[in-house]
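Novice: One letter stands for each residue in the lines below.
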Amino acid sequence: MAAYFASLNVLKLLRSMPGGIAQGLIWGLMALGLYITFRLLDMADLTVDGSFTTGGAVTVMLILAGWPVWAALVIAVLAGLLAGLVTGLLHTRLGIPAILAGILTQLSLYSINLRIMGMSANKAVSVDKYRLLLSSRNIPASILTGAVFALILVSIYYWYFGTEQGSAIRATGDNPAMSRAQGINVDRMKVLGLAFSNGIVALSGGLMSQYQGFADINMGRGAIVIGLAAVIIGEVIGGALLRKYINFYVTLCFVVIGGVLYYLVIVIVLWLKLNSNDLKLFTAVVVALFLALPYLRVQRRSSFAKLKKGGGQNA
Amino acid sequence: MLDVRSISKTFNPGTINEKKALSGLSLHLDPGDFVTVIGGNGAGKSTLLNAIAGVWPVDEGRIVLDGTDITSLPEYKRAFLIGRVFQDPMMGTAPNMQLEENLALARRRGQRRGLRWELTKGEREEYHERLKALGLGLEDRLKAKVGLLSGGQRQALTLLMAALRKPKLLLLDEHTAALDPATAKKVLELSDSIVREDRLTTLMITHNMSDAIRHGNRLIMMNEGEIILDVRGEEKARLTKRDLMDKFTQLSGLQMENDAMLLSK
Chain A
1 MAAYFASLNV LKLLRSMPGG IAQGLIWGLM ALGLYITFRL LDMADLTVDG
51 SFTTGGAVTV MLILAGWPVW AALVIAVLAG LLAGLVTGLL HTRLGIPAIL
101 AGILTQLSLY SINLRIMGMS ANKAVSVDKY RLLLSSRNIP ASILTGAVFA
151 LILVSIYYWY FGTEQGSAIR ATGDNPAMSR AQGINVDRMK VLGLAFSNGI
201 VALSGGLMSQ YQGFADINMG RGAIVIGLAA VIIGEVIGGA LLRKYINFYV
251 TLCFVVIGGV LYYLVIVIVL WLKLNSNDLK LFTAVVVALF LALPYLRVQR
301 RSSFAKLKKG GGQNA
Chain B
1 MLDVRSISKT FNPGTINEKK ALSGLSLHLD PGDFVTVIGG NGAGKSTLLN
51 AIAGVWPVDE GRIVLDGTDI TSLPEYKRAF LIGRVFQDPM MGTAPNMQLE
101 ENLALARRRG QRRGLRWELT KGEREEYHER LKALGLGLED RLKAKVGLLS
151 GGQRQALTLL MAALRKPKLL LLDEHTAALD PATAKKVLEL SDSIVREDRL
201 TTLMITHNMS DAIRHGNRLI MMNEGEIILD VRGEEKARLT KRDLMDKFTQ
251 LSGLQMENDA MLLSK
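Chains A and B, in that order, are what the protein sequence lines are.
Read in order, the letters of the first sequence correspond to residues 1 to 315 in the working numbering.
Read in order, the letters of the second sequence correspond to residues 1 to 265 in the working numbering.
These aren't lab readings, by the way, just hints derived from the structure by calculation.
Incorrect hints may appear among the rest.
[Claimed, not checked] Calculated lysine-lysine pairs in the DSS-like style (CA-CA distance at most 27 Å, straight line):
#1 A/Lys244 - B/Lys145
#2 B/Lys186 - B/Lys132
#3 B/Lys185 - B/Lys132
#4 B/Lys121 - A/Lys244
#5 A/Lys244 - B/Lys143
#6 A/Lys123 - A/Lys280
#7 B/Lys145 - B/Lys186
#8 A/Lys273 - A/Lys12
[What the hints assert, rightly or not] Across the chosen pairs, the derived CB separations fall in these ranges:
#9 B/Arg214 - A/Pro97: 41 to 49 Å
#10 B/Gly32 - A/Ala305: 52 to 60 Å
#11 A/Leu144 - B/Thr120: 31 to 39 Å
#12 B/Pro31 - A/Val298: 47 to 55 Å
#13 B/Trp117 - A/Leu151: 15 to 23 Å
#14 A/Ala240 - B/Ser150: 55 to 63 Å
[Stated by the list, open to error] Here are some of the chain A residues that sit facing chain B, going by a computed Cβ distance under 8 Å:
#15 Asn122
#16 Ser126
#17 Gly162
#18 Thr163
#19 Glu164
#20 Gln165
#21 Ser167
#22 Ala168
#23 Arg170
#24 Asp174
#25 Ala177
#26 Met178
#27 Ala181
#28 Gly183
#29 Val186
None of the values given here were measured: they were computed from a predicted structure.
We put the CB at the ideal spot given by N, CA and C, even for glycine.
Okay, chain A solo, but in the shape it has when bound:
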């Protein structure tokens, strides 16, 4: 035990923090994409595990083909939009439950992503040979780039979801029956939301592949859970810190911050020399805890268990 603690180096932890922030920002962007489906449309979209990789694969392949980075990212976003569109159409036109539609698209994207990457599971893109937007070799610049992307995206969200079309999407998630009665094409709004969401997820995949210097067929595995972790951690922390003063803009900022906090926790866990293969288990447990929190809080105030003999008076 003593040897274990002696082997932990605090300086090393501090040194790995900036890298954690940079990656956390990229996952925060991904969480912003997820926010549209998970919070605004009230559905769990599993497409994202696939579209995150699609974004990375498209970006890397186009950069390798000599495209400028920004153009590669634009195409990556379009590819993500397309993936969301497919899920949306499977759901609205063919009546497949949203969660299954997402799983189907995600599964098919595995093959498609392999094809995009020329049938190889991993494609490297070197920051020495290409002008990348961000890279783990230059962490401060990466943090800046990530933060700029986040601010721009949050501002676009704030504007778009305040427009007539954006509020129609929000209404669709909030009350579909009412939305139809108010003349909103609910199916179209769901498709739009799913497309936008996956476009942004693909964008973050494109940024991640540049940061890590490669696209990998498995880079999106569990992305939905990480995104959910970011959304929920961000909301809980934002709610606790600012309570009533929280508005849509601040909430979105906290979603990004949630991504950063999540990744910093991962950095600490790795620093504690936990086996990195256990990370997915760890993430799942964290997300389960945070998802259960609001429910448990209500339970604590009123529950059947409290009505057991003698427990009633202590409420």
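With chain A's structure known, arrange chain B on it following the hints.
Specialist: The following block gives chain B in isolation, referenced to the frame of chain A:
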């Protein structure tokens, strides 16, 4: 204004649960008609309203509203012409959106929703005025989430939303049934004044015979997917509950004790 031409609807056709909900029903409403609809459970009242609103397509017949054949239009496209208030107060509003946002959604019913801001300053003042007219103190809570309102307040808001863009037809589907008597009375009075003010053509389902007699200029009674009684004007004004019950027994061939159960006071 509204022309329903021999529409039929059968649910679960060809199964053991087959139910003929509407059978060749026709109904004509003149502009400004305020029609109350009564009938027992399963008589087809809500089915008629849902058919007109376009919740699902009818099997046969046509529905023409204000000169437009809407039979083949989906629900969200018909909303351009139709305002609705549901029985469930939770159904007519978006709980996690603000009062003014809900009103703004209703204000744009039937219009293209583009990339303009969802709410203009002039609108906000208008909403303030209109909410003030309700007399429920809602005008000071424009920024509040609708989920925080009581059932009656939400129903009043839904009513206002339904009438905000003057609809060609207002459908009220037992919209006071889930409210306590005092609130129900208030919401009914509100409905009356909104209908009168804008001279809205209205169909109102109710389980309450006194309400059916007291409100509107015309009353129809339904049974087994058909209209079995249609009274209007002077004749309707003279109706009593007793008359209605007798008529129901006579026309439907059901026993009196049954009627009392089906048509509550």
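Novice: Are the hints correct? Go through all of them and say.
Specialist: Verification of the hints:
1. Taking the CA atoms of A/Lys244 and B/Lys145, the gap is near 13 Å; set against the 27 Å cutoff, the hint holds.
2. Only pairs whose Cα atoms come within 27 Å are accepted, and B/Lys186 paired with B/Lys132 is accepted, the gap being roughly 15 Å.
3. Taking the CA atoms of B/Lys185 and B/Lys132, the gap is near 19 Å; set against the 27 Å cutoff, the hint holds.
4. For the given pair, B/Lys121 sits about 24 Å from A/Lys244 by alpha-carbon distance, which is consistent with the 27 Å threshold.
5. Proposed proximity of A/Lys244 and B/Lys143 is supported: the alpha carbons are some 13 Å apart, at most 27 Å.
6. Under the criterion of a C-alpha separation no larger than 27 Å, the hint pairing A/Lys123 with A/Lys280 is consistent with the structure, at around 23 Å.
7. Distance check on the hinted pair: B/Lys145 and B/Lys186 sit about 22 Å apart at the alpha-carbon level, within 27 Å; holds.
8. At most 27 Å may separate the alpha-carbon atoms for a hinted pair to count; A/Lys273 and A/Lys12 meet this at roughly 12 Å.
9. At roughly 46 Å, the beta-carbon separation of B/Arg214 and A/Pro97 lies within the given 41 to 49 Å, and the hint holds.
10. The hinted range of 52 to 60 Å is satisfied by B/Gly32 and A/Ala305, whose Cβ atoms lie roughly 58 Å apart.
11. Our hint of 31 to 39 Å for A/Leu144 and B/Thr120 holds, since their Cβ atoms are close to 37 Å apart.
12. The hint said 47 to 55 Å for the Cβ distance between B/Pro31 and A/Val298, and at roughly 51 Å that hint holds.
13. Between B/Trp117 and A/Leu151 the beta carbons are some 21 Å apart, a value that agrees with the proposed interval 15 to 23 Å.
14. Against the hinted window of 55 to 63 Å, the Cβ-Cβ separation of A/Ala240 and B/Ser150 comes to about 29 Å, which falls outside the hint.
15. Taking 8 Å as the C-beta cut-off, the interface hint given for A/Asn122 is violated, the closest approach to chain B being about 41 Å.
16. For A/Ser126, the interface hint is violated, since its Cβ never comes within 8 Å of a Cβ in chain B; the closest pair sits about 40 Å apart.
17. Given the 8 Å rule on beta carbons, the hint for A/Gly162 holds: about 6 Å separates it from the nearest Cβ of chain B.
18. Satisfaction of the interface hint for A/Thr163 is found here, the shortest Cβ-Cβ separation to chain B being roughly 5 Å, below the 8 Å cut-off.
19. Given the 8 Å rule on beta carbons, the hint for A/Glu164 holds: about 4 Å separates it from the nearest Cβ of chain B.
20. Against a cut-off of 8 Å between C-beta atoms, the interface hint on A/Gln165 holds, since the closest Cβ of chain B lies about 5 Å away.
21. For A/Ser167, the interface hint holds, the least distance from its beta-carbon to any beta-carbon of chain B being 4 Å, beneath 8 Å.
22. With a least beta-carbon distance of about 5 Å to chain B, the hint placing A/Ala168 at the interface is held under the 8 Å criterion.
23. Hint on A/Arg170 holds. Least Cβ distance to chain B is approximately 6 Å, under the 8 Å limit.
24. The interface hint given for A/Asp174 holds, since its Cβ lies 4 Å from the closest Cβ of chain B, which is under the 8 Å cut-off.
25. For the restraint placing A/Ala177 at the interface with chain B, the shortest Cβ-Cβ distance is roughly 5 Å, inside the 8 Å limit, so the hint holds.
26. This hint holds: A/Met178 has a C-beta 6 Å from the nearest C-beta of chain B, less than the 8 Å allowed.
27. Interface restraint check for A/Ala181: the shortest CB-CB distance to chain B comes to about 5 Å, inside 8 Å, so the restraint holds.
28. For A/Gly183, the shortest C-beta to C-beta distance to chain B is roughly 3 Å, which falls under 8 Å, so the interface hint holds.
29. A hinted interface residue such as A/Val186 counts as satisfied when its beta carbon comes closer than 8 Å to some beta carbon of chain B; here the least separation is about 7 Å, so the hint holds.
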